[in-house]
Amino acid sequence: MNCTDLLSHLSDYFDDQLTVELREEISEHTSGCQHCRVVLNTTHQTIEVYKGTEIYEVSPGLRERLHSAIMAKCFAKK
Amino acid sequence: MPAIQSPVTEEVHPDVALVARAKEGDTAAFEQLVRQYERQIFRVAQHITQNREDAEDITQDAFLKAYEKLDQFQGNSKFSTWLVRIAVNESLMRLRKRKTSKTVSMDEDVQTEEGSIPRDFAEWRPNPEQQYNQAELADILRKTIQGLPPGFRTVFTLRDVENLSTEETAEALGLSVPAVKSRLLRARLQLRERLSRYFRQKQEGQPA
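Residue numbers (our numbering), protein chains in the order written: chain A, 1 to 78; chain B, 79 to 286.
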């Protein structure tokens, strides 16, 4: 496996869609390739940091306002 | 003795019963569905439009549409996926209206490989969570995702922020599974590259 191959399998790697053989090939490649190791690690961190951070916070006040507005809109015309 | 057929434990999603009740006019059931998904729909709309007021309008319109078209919902997909699809379409329509001269679609700007080829090979140390507090982190992540083309941003949001499966994302966006996968890879790589600017390990003597 070369660096380009690794890149093409990257998403499937994170989504756990790879065969055991391919995972092993990736692990073998990254053990000898510093750049791919960093790309693998930091892409993983990218996904995790987005999963773990609420970037658009919905405050209780906003949520209540939104909820009332939705209900009013849906049940206004009968 | 005839072999007892092992019951096919096909789990029925709790939404199925709620949708059935809502279809029969049970407003409390519909309200429960609204409660369950209003935050998610709002977040999706805000991710796509990058505008809070638009996202509020879209959330209201998406639920209104869902309510009006409830009879057309066949249950072939999850209710939440169907709802997200409505919200995505409303959001893209809103973007198109805003940029009158430019068309906005899921296909826009996806031809370019730019930014998808890794160039930054520095580790992130310490972890982003250790380098910044939650508010700063949210700010960096918001600014960074805003720079992505809508087609990439949306796929990333549904898959990695809202945890839809690849198949559900494809369904919600009207894309093929391979198209979702290819966009997701490029979105992840572009975000990684942009975030490296903030999170890369500082070399000694280099101002933070």
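Some hints could be false.
[Said to hold, decoys possible] Here are the in silico distance ranges between beta carbons for each label pair:
#1 S8(A) with R176(B): 16 to 24 Å
#2 A98(B) with G52(A): 19 to 27 Å
#3 A98(B) with E28(A): 46 to 54 Å
#4 N211(B) with N41(A): 18 to 26 Å
#5 S8(A) with R174(B): 14 to 22 Å
#6 C33(A) with R176(B): 20 to 28 Å
#7 R174(B) with N41(A): 34 to 42 Å
#8 C33(A) with Q114(B): 26 to 34 Å
#9 N129(B) with T19(A): 20 to 28 Å
[Claimed, not checked] Listed below are the simulated DSSO-like cross-link pairs for lysine-lysine, each with C-alpha atoms no more than 27 Å apart in a straight line:
#10 K51(A) with K175(B)
#11 K101(B) with K177(B)
#12 K175(B) with K73(A)
[To be verified] Here are a few chain A residues that face chain B, going by a calculated C-beta distance under 10 Å:
#13 L7
#14 R23
#15 H29
#16 S31
#17 C36
#18 V38
#19 Q45
#20 V58
#21 G61
#22 C74
Derived from the structure by calculation, the hints contain no laboratory data.
Glycine residues also receive a C-beta, built at the ideal position from the N, C-alpha and C atoms.
Taking the earlier hints as the rules, which of them does this structure contradict? 1, 2, 5, 6, 8, 9, 10, 11, 14, 15, 16 and 21
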